[in-house]
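K.L.:
Whenever a hint applies, use it, and build me the whole structure from the sequences.
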Amino acid sequence: MPSLNPHLVVQNIVKSFPKTGPEKVLNNISFEVSKGKILGIIGKSGAGKSTLLRCLNGLEKPDTGKILFQDQDFTDLSSQKLREVRQKIGVVFQSFNLLSTRTVFENVSLPLELLRLSDTERQKKVENILNLVGLSSKLNAYPGQLSGGQRQRVAIARALVVDATLLLCDEFTSALDPHTTLEILRLLQDLNRRLGITIIFVTHDINVVKELAQDVCVLDQGEIVEQGSVESVFTNPNHAITQSLLSELLKNDLPDFLQQQLHLEGKENDDVVLKLIFGSQTSTKPLIANLIQEWKIPINIISGNLDHIGKATFGHLVVSLKHQGESTEKIIKYLTDHQVGVEKAGYIRW
Amino acid sequence: MNDLLFKALYETLLMVFGSTGIGILLGVPVGVILYNTSQQGLQPCKKVYGPLSFLVNGARSIPYIILTVLLIPFTRNIIGTSIGTGSAIVPLSIAATLLIARCVEDALRSVPKGLSEVGISFGATPFEIIRKILLPESMAPLIAGITTVIINLVGYSAMAGTVGGGGLGDLAIRYGYQRYDTVLVVLIVVILVILVQCIQMLGQRCTNHYRR
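Taken in sequence, the protein lines are chains A and B.
The first sequence begins at 1300 in this note's numbering and counts up one residue at a time.
The second sequence begins at 1354 in this note's numbering and counts up one residue at a time.
What the hints contain is simulated information worked out from the structure, not anything from laboratory work.
Positions of the beta carbon are idealized from the N, C-alpha and C atoms, including for glycine.
Possibly wrong hints are sitting among the right ones.
[To be verified] With the Cβ distance kept under 8 Å, some of the chain A side facing chain B (calculated, not the full set):
| no. | residue |
| --- | --- |
| 1 | Arg1382 |
| 2 | Glu1383 |
| 3 | Val1390 |
| 4 | Ser1394 |
| 5 | Leu1398 |
| 6 | Thr1400 |
| 7 | Glu1412 |
| 8 | Leu1416 |
| 9 | Ser1417 |
| 10 | Tyr1441 |
| 11 | Gly1443 |
[Claimed, not checked] Calculated Cβ distances over 10 Å to all of chain A for the following chain B residues:
| no. | residue |
| --- | --- |
| 12 | Leu1358 |
| 13 | Tyr1363 |
| 14 | Arg1413 |
| 15 | Asp1459 |
| 16 | Pro1465 |
| 17 | Gly1476 |
| 18 | Arg1527 |
P.N.:
Set out below in structure tokens:
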């Protein structure tokens, strides 16, 4: 996805840890992020996500490949130059990594102390950014007195206080409960919109990608197996890993009670249970209504999970209808003709 | 009798806290170098860490009374004499430096690695990371460790009598044991117990202050 205004360009990164084994933790990774975009990097544990992020902020040095930040390759900078580049990149860690002996104010002011800013300048900047993340009332609290969500806000403020233009987030939601996660996601979206900050984050949670990212890279065993806009990748996943990650989003397992009563051989008077899968190709016609009206078939909707990514509908519905041999096949054909995926889950007697 | 006791207490306090002060002054930098050049440090360097660690451990494993005797020529060079309270402070300070150096190394190592990485990713130099992040964050275990060192030094100072250092321990041996003055021995033990209790309490308070 080449763009006119790349903020960070990653070219053919290879990284291995000779001490732990010969296999490559990152293999030929390339992508780029334009200014003001939000990129999500998703993969299962051990896919190399964290290593990739550590390469991006220079905590690890890739074996080969280039990382261009604002057109400057920082894989072979002197340590002094590297420190200067780092000061423009904010990092948010999974475990917050706040200093327990410093107050909220002092934690956020740390990066400014390293830049040797004057007291008054520091005061102004810290109060500004804490206001922005909604923590101006907690200036003098210690991290130990804050909730997980508040701590992550402090960490975000600390990362951005140096006027960072790029924010790197490593699994920043995995220590938070779902509600707090959502709050932090909103905050990041807000900061992205208001300050135009580019955000790259790493996660194993497909929900976070769906909520926050505009573009996505799917990482598996050190390689990017799929990348593109969230809309295109989610509605048309090509790789098995992407599909399995997406299935978490759909939670398309059948309800427990149904699972237990389901049998595989259809008898007279049984209902057939179908799982209908909707994707970007699916027709926008009212298919279920048509079945009921034109085919005079009563359809029982058991469970479902439909969602939108961009303008496309995707998700699944579990329905049951009278099992009538041939006509069941016709219905399945009608649905598949309209690009609905149909799986026969089994038969059930109500 | 009272005069003797007060003089001895003064000598003990002088030896213990004098050597603690010098020990902190010298031991903290040595401990920082130990941590920084170790495998988990910011600038691992086996060539520095190996010999230094060996030296610190080796010297620590020498029984204190023997260390005192071994250091007599060194002490004479520095103080001019090898006898007296001032001279007793020299081997005590060496012992304190070694003990505190290990304390500092352990305390720095107890800080989560993520915090150094915060410093690195903010573009801090190793020195800034140690001064602004690692040392403040390791204050609680550091003070707890130094408290233990001070209490050890109280014990060591009792052996200062061998080089004419005076102090409570010396008084207890010379007047209490050799002149069969049991009351004096008991009195000195009580004073030592109270002294150690006070040091422990103070150390605990400081530790709690930094533990958040």
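K.L.:
Confirm or reject each hint.
P.N.:
Hints and how they fare:
Of the supplied interface hints, the one on Arg1382(A) holds, with its beta-carbon coming within about 4 Å of a beta-carbon of chain B, less than 8 Å. Contact between Glu1383(A) and chain B, as hinted, is supported at the beta carbon level, the nearest pair being about 7 Å apart and thus within 8 Å. Given hint, Val1390(A) at the interface with chain B, holds; its Cβ is 4 Å from that chain's nearest Cβ, closer than 8 Å. A hinted interface residue such as Ser1394(A) counts as satisfied when its beta carbon comes closer than 8 Å to some beta carbon of chain B; here the least separation is about 6 Å, so the hint holds.
A hinted interface residue such as Leu1398(A) counts as satisfied when its beta carbon comes closer than 8 Å to some beta carbon of chain B; here the least separation is about 6 Å, so the hint holds. Among the interface hints, the one on Thr1400(A) holds; its C-beta lies about 5 Å from the nearest C-beta in chain B, closer than the 8 Å criterion. Interface hint at Glu1412(A): satisfied, since its Cβ lies 7 Å from the closest Cβ of chain B, which is below the 8 Å cut-off. The criterion of a C-beta within 8 Å of any C-beta in chain B is not met by Leu1416(A), whose closest approach is roughly 13 Å, and the hint is violated.
Here the hint on Ser1417(A) is broken, as its CB sits about 17 Å from the closest CB of chain B, past 8 Å. Nearest Cβ of chain B to the Cβ of Tyr1441(A): about 5 Å, under the 8 Å cut. The hint holds. A distance limit of 8 Å between C-beta atoms decides the matter here; for Gly1443(A) the minimum to chain B is near 5 Å, and the interface restraint holds. At roughly 41 Å, the least C-beta separation between Leu1358(B) and chain A is larger than 10 Å, which holds for a residue marked as non-interface.
Annotated as non-interface, Tyr1363(B) keeps its C-beta farther than 10 Å from every C-beta of chain A; the closest such distance is 36 Å. The beta carbon of Arg1413(B) sits about 29 Å from the closest Cβ of chain A, which is more than 10 Å, so the claim that it is off the interface holds. Distance check for Asp1459(B) against chain A: the nearest CB is about 18 Å away, which clears 10 Å, and the non-interface claim stands. Not every Cβ of chain A is farther than 10 Å from the Cβ of Pro1465(B); the closest lies at roughly 7 Å, contradicting the non-interface assignment.
Distance to chain A contradicts Gly1476(B) as a non-interface residue, since its nearest Cβ pair spans about 4 Å, not more than 10 Å. Against chain A, the non-interface label of Arg1527(B) holds: every CB pair exceeds 10 Å, the least being about 47 Å.
Of the numbered hints stated above, those contradicted by the structure are hints 8, 9, 16, 17, listed in ascending order.
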